[in-house]
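Let the hints inform the model, and build the full structure from the sequences given.
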Amino acid sequence: MSMESKTRLNKFLIFNAVLLLILLYLNISFGDSSVINPFNVKGTNAAVLQLRLSRTVVAMFTGALISISGLYLQLIFRNNLVDPGLVGLTSSANFFKNLLVIFLPIFLGSKIIYGAVGSLLLIGILVWIKAKDVSPTKFVLFGVCLSVFFTCLNQILNYITHNQESSIFAGFNLISPNQAYLMIILGCILLTLLILFDKYIPYYSFNDNKIIELGIDIRKINIYILLIISIVISTVVGIVGEFLFLGIVIPNIVKQIDGIKTNRYFIDTILLGSNLMILSDFLGRNLFYPVEIPAALICNIICAPILFYFVIRGSNGSEEY
Amino acid sequence: MEAKNISYSYDEKTVIDNLSIELPNKGITSIIGPNGSGKSTLLKILTGQIKDYEGNVFYNDNNLREISIKNRSSIVAYFNQREKIYGSISVRSILDLSNHHELDYSEYLEYLNLTDKLDIPFNSLSGGQQQVLLIIAVLIESTEYVYLDEPFNNLDPKYKKQVVKLIKDAKNKQSFFIVDHDLDTLAQLSDYVILYNNGSIIKQGITKDIIQKDSLENTFETEFNFNLDNEGNSRIFQTF
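Read top to bottom, the protein sequences are chains A and B. Residues 1 to 321 in the numbering used here are what the first sequence spells out, letter by letter. Residues 1001 to 1240 in the numbering used here are what the second sequence spells out, letter by letter.
No lab work stands behind these hints: they were computed from the structure. None of the values given here were measured: they were computed from a predicted structure. Backbone N, C-alpha and C fix where the C-beta goes; we use that ideal spot for every residue, glycine too. Some clues are possibly wrong.
[Claimed, not checked] Now the in silico label distances, taken between C-beta atoms and shown as ranges:
| hint | chain 1 | residue 1 | chain 2 | residue 2 | range |
| --- | --- | --- | --- | --- | --- |
| 1 | B | P1034 | A | L157 | 35 to 43 angstroms |
| 2 | B | D1104 | A | L227 | 33 to 41 angstroms |
| 3 | A | I185 | B | K1004 | 52 to 60 angstroms |
| 4 | A | Y224 | B | N1071 | 35 to 43 angstroms |
| 5 | B | S1074 | A | Y224 | 35 to 43 angstroms |
| 6 | A | K11 | B | P1034 | 51 to 59 angstroms |
[What the hints assert, rightly or not] Listed next, the in silico DMTMM-like pairs over lysine to aspartate or glutamate satisfying Cα-Cα at most 25 angstroms (straight line):
| hint | chain 1 | residue 1 | chain 2 | residue 2 |
| --- | --- | --- | --- | --- |
| 7 | B | K1084 | A | D133 |
| 8 | B | K1161 | B | E1221 |
| 9 | B | K1208 | B | E1221 |
| 10 | B | K1044 | A | D217 |
This is the structure in structure tokens:
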């Protein structure tokens, strides 16, 4: 079993890395019925290249950040059905972002800060719900209720303020180079911070009391991780928008394939998440050209049947994990 | 370990009532009592999992509430037969994560005939195998005090015998505190016994003084038979 898992694991990592390079090239080179050679750019193509680079880079980081957030949330809450979108994190961040920009100053990064208010609030609510020792299914249902609640609040706000920018389904068509730079900087910082906690991933196989018994203050670690995740969510929502299902599907696929090799969960999750998001952007731009389908919609279409499979099958035969 | 004036209530029900208890730093102490008498709750208090109790628990004269998480990890280890392991993790990882002192645990696995299970998912094992491995994990934590809550439940006779031997082998280095309903095994294994009911200690002392027919029948409100085995040891049987 160990050799089989090892062989499968190496191939999965290599597959994802190669696929990432291919998808990066495809998404930058193809689109809007024009083909650009990114290694030999001439004339007006430079501007097009810059725009495509911006959206591709943002898509890459978005996929990585949402997916890794989903992984850590599933570990902390011991629940394979937890996803930042499904449990209301992205919708609450989006609502508070849209609400606070009405009353407070706008500057570079302000939407991220305002969105963080919402995601922090939601995380607090989720931790409180979890402390009540509810079943995993009930926990997710609570999260769905919160998600619907904030989504509706956001839509009401959009109607009142005639806000065209905000959409339920996020895409990368309006990404500017400045937003790309912001995403690169924040994405690198946040992923670096999250990887510091990668060594604790195997410990989440125990309950919190057992981890404490082993000498690790897991409650403090959970707080740090959840704080970082709240910034991750507000970053993605602030720059791009809301995404659903990615944070539940990618970690479950990775756990299914990597199995007991928990030390690979982090890298495989961010690579696979990036790949799926870039692919979604590519398909959204090119499938029905000149109409562009938001990447979030394409991503949901791809993820929904996979999620259906996991829910029916139940990861490892257990509802909880 | 010394626990002084411990009281704990839950849902307006007194679970533990002004209890004081001392454990030596070596040997095996068992606590026996009916279901719902508060034994497992007491274990959770003594291991720091329940914090909102009255009274104090001291380890080597240090108050448990003031001992850091890092220091506590070398003092206390706890096994609960209802403990869950989440996700896909290998047996090797479970043991390595518990192995602060990087002990060689291969002898345990060879003795239990589980060496070939090291690199498979823990949750793919049978319930008995999982339980035995979790007990091994607790033993290799090498803490001063080891608390075992129903370690013999779900074990077949062979695993039970092997686990008893491992505990006996370790008792000169560690102090064991065991809660279980297998009175016969506890009577053979323990140096000290605490008879416990309704949140209070009824009697405590060396095993042969406490494991008496009258005491057990009064505590559990059911009949027992005491017979001698081939080696002259007293064996407890419940009659139906």
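> Checking against the hints above, which ones are violated?
Replying inline: 1, 4, 5, 8
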